[in-house]
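Asks: Residue-level listing of the chains:
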Amino acid sequence: MPLLEVERLTRHFGGLRAVGDLSFTVREGEILALIGPNGAGKTTVFNLVTGFVRPSAGDVRLDGASVIGLRPHAVARRGIARTFQIVKPFPGLTVRENATLAAFLRHHARRDAEAAAVAVLERVGLGARADRLASSLTLVDQKRLELAKALATEPRLVLLDEPMGGLNPSEVDVAAELVKSIRQRGVTVVLVEHVMKAVMRVSDRVVVLHHGEKIADGAPSEVVKDPAVIAAYFGKRAA
Amino acid sequence: METFAQAVVSGVLTGTLYAMIGIGLTIVFGVMRIINIAHGEMVMLGMFGAYWGQTLWKLDPFLSLLLWTPLMFLAGVLVYRLLVRPILGGGELNTLLYTAGLSLLVANVALLLWSGDYRTISLSYGATPLRPLGLSVAAPLAIAFAVALGLTGALWAFLARTNLGRAIRATSQNAEAAVLMGVDVERVALVTFGLGTALAGAAGVLLAPSLYLYPTVGELLIVKCFVVVVLGGLGSVPGAIAGGLLLGVVESLGAVYVSAAYKDGIGFALFLAVLLYRPSGLFGVGR
Amino acid sequence: MRRALPWVVGVAAALAPLALGDPFLLHVCILVLMWTLLGAAWNVLGGFAGQVSFGHAALFGVGAYATMILYLKLGVAPWWGILLGGALAAAASLPVGLVCFRLRGPYFSLATLAVAELFRLLALNWESLTNGPVGFLITALPQIAPFGHPVDWESKATFYVMAALLAAGALAATAWLKRSRLGAYLVAVREDEDAAEAVGIDTVRAKSVTLALSAFLAGLGGGFYALYFRYIDPDAVLQIGLSIEMVFIAVVGGLGTVGGPLVGALFLTVLGETMRHRLQVGHLVVYGAFMMLVIRFMPEGLWGRAHRLFVAVQARRSKHAALGG
Amino acid sequence: MLQVEQLHVTYGEVTALWSATFDVREGEIAALVGANGAGKTTTLKAISGLLPARGGAITLQGARLDGLPPPEIVARGVVHVPEGRKLFPGMTVRDNLLMGGYARSARPHQGARLEQVFEIFPRLRERSRQVAGTLSGGEQQMVAIGRGLMAGPRVLMMDEPSLGLAPIMVDEMFRIIQEINHSGVTVLLVEQNTEHALAIAHRAFVLESGRVVLSGTGAELLASPQVREAYLGM
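Protein chains in written order, with my numbering: chain A, 13 to 251; chain B, 235 to 521; chain C, 540 to 864; chain D, 8 to 241.
Errors might be hidden in some of the hints.
Said to hold, decoys possible - Restricting the straight-line Cα-Cα distance to at most 20 Å, the calculated cross-link-like pairs of lysine to aspartate or glutamate (DMTMM-like) are:
1. D:93 <-> B:453
2. B:497 <-> C:666
3. C:717 <-> A:166
4. C:717 <-> A:124
5. A:209 <-> A:189
6. C:717 <-> A:126
7. A:192 <-> A:225
8. A:209 <-> A:166
9. B:497 <-> C:733
10. C:717 <-> C:839
11. A:226 <-> A:126
12. C:717 <-> C:731
13. C:717 <-> A:225
14. A:237 <-> D:202
15. A:237 <-> A:225
Keep in mind the hints are simulated off the structure, nothing from the lab.
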């Protein structure tokens, strides 16, 4: 059974259909990229899966159990963590406190939570900056913190919303390695990303959205050759 | 049926004045995203302006409008420049607390100067009510209504027809786009704050002959004013007008058919219901 | 030894007014402690969780009315009444939270204001329960003698001790909150509610529990007020001004700090009472002016600023020590 | 005419544009293309003064634009039609257009230009009293462009004018952009609909990760395999 099943998911905002009849699955242990042009509905999919937005129709199941209707904190408890495209650190707290808040989900004693948080910070390369205020970090480090908070909830599946957006090329390489290392520890990854070179490098499979619908689903090298994908990215000139 | 008509008429009269106060609050919110809690005190200052005008200089309260409206505009401009602008970047809650401080300060300075006594303004022409169509309408309230209608109409024309008025509306609908049109948002904010204050002051002058006046009257008025602007949708001028009329009529009908004591409560219950189910207001275009 | 010093100073300072015995001094101290309790009550919700309520007078009023009604109508001893008043305020806060927490930011603040006005109107008009605008008056308090000492209800010292215990309890509760997991959750809620939900924090539950705690403390304050002043009516215990004063004390003292409410209450009450003594109405002028000055120049509050300076000095000192050693 | 040299722009800590260099010649349509997040919108915002330039220079016929406040840039004739239209949704079509002519230099011409806009978009004349928020996407885009024209632009910068439009409207929009250009307005076009944009552009620049990586005539770029690579990361 796949880890995550998205089935006929639909969401309207006013008259606009942001996501329409979208189905795809995520297998345990894979890295799946969700791509598509601006306004294709990728972030909305994340919001629907994690309970920040209620779907108009459709279902999302983790290990066969529906998570629709759960509030975001309950979805996180089930084992789906996420990051935000516009990073959302707790700006007035230190890096350690940020991660500890997330670690509280699985460790009730402060000491245990802090230990778990520090371990995660080491993994993402923020160990040396644990006592800095989150608001004082550079963007790369804020993206790392965003990831650390998601991992500190000890998820089975993590949804990353543009983990590489705004980074320079060498930083993108580091981030790509980090994403691969998450999977090596047994956490399944779904990422939305615009930096296509990184998508091609890290992902096992790509789902392409356009106007809220799935237009392609397959290996990265196949998907980029798909005429529908090229047309979606490129626009089509009417003859 | 006659009681009903009477209640609706007096509701509309009061509601027009609520609307006028509400417009002042709502345009300031629209442009600057500040909920100015001291707005009620601006109304209070207008009321005392009318009172002292009559007491000291034998100035007819309605005539004194010509004096106090421009002065309150200036006061608004000064308050904005000296007090409000420096804290604009501080977040919604800080500005809310800050204007709460300003409200307390102004009300209590007034209390210190003028004592907490309830005062009234008596007018020679205030004694006999007008009797249009068999209904009874207090003359001062009728005059206030007519003037408020005129002022609101003038403001409407200003907002609809002039470049500056359009710029105010544009800024409150989309500040970034207004900048792209070449609008100097800082200047628009200054004028808007002045206008909002002038409207509050003018409403105070108009209300003075119909209400008891005392330094902390602003507290009661500002709470009603919140009801008005939230009913209509924060930032919307037509919304404030509709909200003002609605509150006026609901209160007036409530006083007749439910209980005079719970008159204000009906307004607040309506307010909570709207906040819960339509936070963008009854007539809001959505947020 | 060094650690004990602040405690020794604190206890000595707490005992000093008793030793001096001056009634006006004691009265001011009682007010300071009552406002510390109320400031702390507001601070739990407003300072830690970032939910700015303009309606805490309602919770204060529930506590005051509960204490009075239980004593005068049912004969429940007022010290039990104070505790029950707190509990009732906490219970009343649950539906209030259900309604108001659906809104965020300034909308939440406006909703709490409307709720408080509804409570005031209810007290004004539900005459069979509340006596309406007439209110309640306590003419005599019962004779008791805990530990063999008869309690002298005419002495300010009695109330001073009660107020001190209540205020100390509130500050202890705040200190506990600051270290607890719930406290950490509240800070997360204050900083970013969506991010808090995303890491698995049930923000609605965290806010509701906190509101209940805050309401309990405010209710205790109301009950104490009823007992100390022996008279309540809707304008005395349910007016908007009370809510605003609670906000100011917490903000001037320092939002989200443990000691802030004490500092804010001490500062504003002493200043206010001095002004009231001389000018009768002036104290709220000072409150308003201070509120504006603090937000403009010292948004972290008096205690917050002092604490930061203290930490900075300590850091410099330990650096010196490290260099020297 | 409009010269952008080594423009560097950040949002707080985030660098959105590393170093963009390109120029727009008088009377032409220049296109700025590239994948999402490449820095196209940022470039336009920096030119119109919404974002400060951290480094580099923007000049209009030799005079520095960077550092000027947005109203001054509008007054000099550099007008930005933003992505997503950014209309004033509660105002009528006519009021939206009049706002476009708000700049002091444009005010005397409000009446005449309103007529010109109605000539180009007869649809808007019919709808002039309608509230802008209730228009269809295509009509809203017409208002956005018309609003830009009201300022009497020398350079009109358009950000994603075809975004979210029905295919038939997309064609219409590109036809209108050419028409505006023929009437003497220089156009800087940012488009995701690359194929279409390159087809009408005299010259084009490809942005990738905040840098201009390729430039040439529209036709050259249309044929270039590198353009596809910039988009699809092949």
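Asks: The structure should be examined with respect to each hint, and the outcome stated for every one.
Replies: We went through each hint and held it up to the structure:
| no. | hint | result |
| --- | --- | --- |
| 1 | D:93 <-> B:453 | violated (38 Å) |
| 2 | B:497 <-> C:666 | holds (16 Å) |
| 3 | C:717 <-> A:166 | violated (25 Å) |
| 4 | C:717 <-> A:124 | holds (18 Å) |
| 5 | A:209 <-> A:189 | holds (13 Å) |
| 6 | C:717 <-> A:126 | holds (16 Å) |
| 7 | A:192 <-> A:225 | violated (27 Å) |
| 8 | A:209 <-> A:166 | violated (28 Å) |
| 9 | B:497 <-> C:733 | violated (39 Å) |
| 10 | C:717 <-> C:839 | holds (16 Å) |
| 11 | A:226 <-> A:126 | violated (41 Å) |
| 12 | C:717 <-> C:731 | holds (18 Å) |
| 13 | C:717 <-> A:225 | violated (47 Å) |
| 14 | A:237 <-> D:202 | holds (17 Å) |
| 15 | A:237 <-> A:225 | holds (18 Å) |
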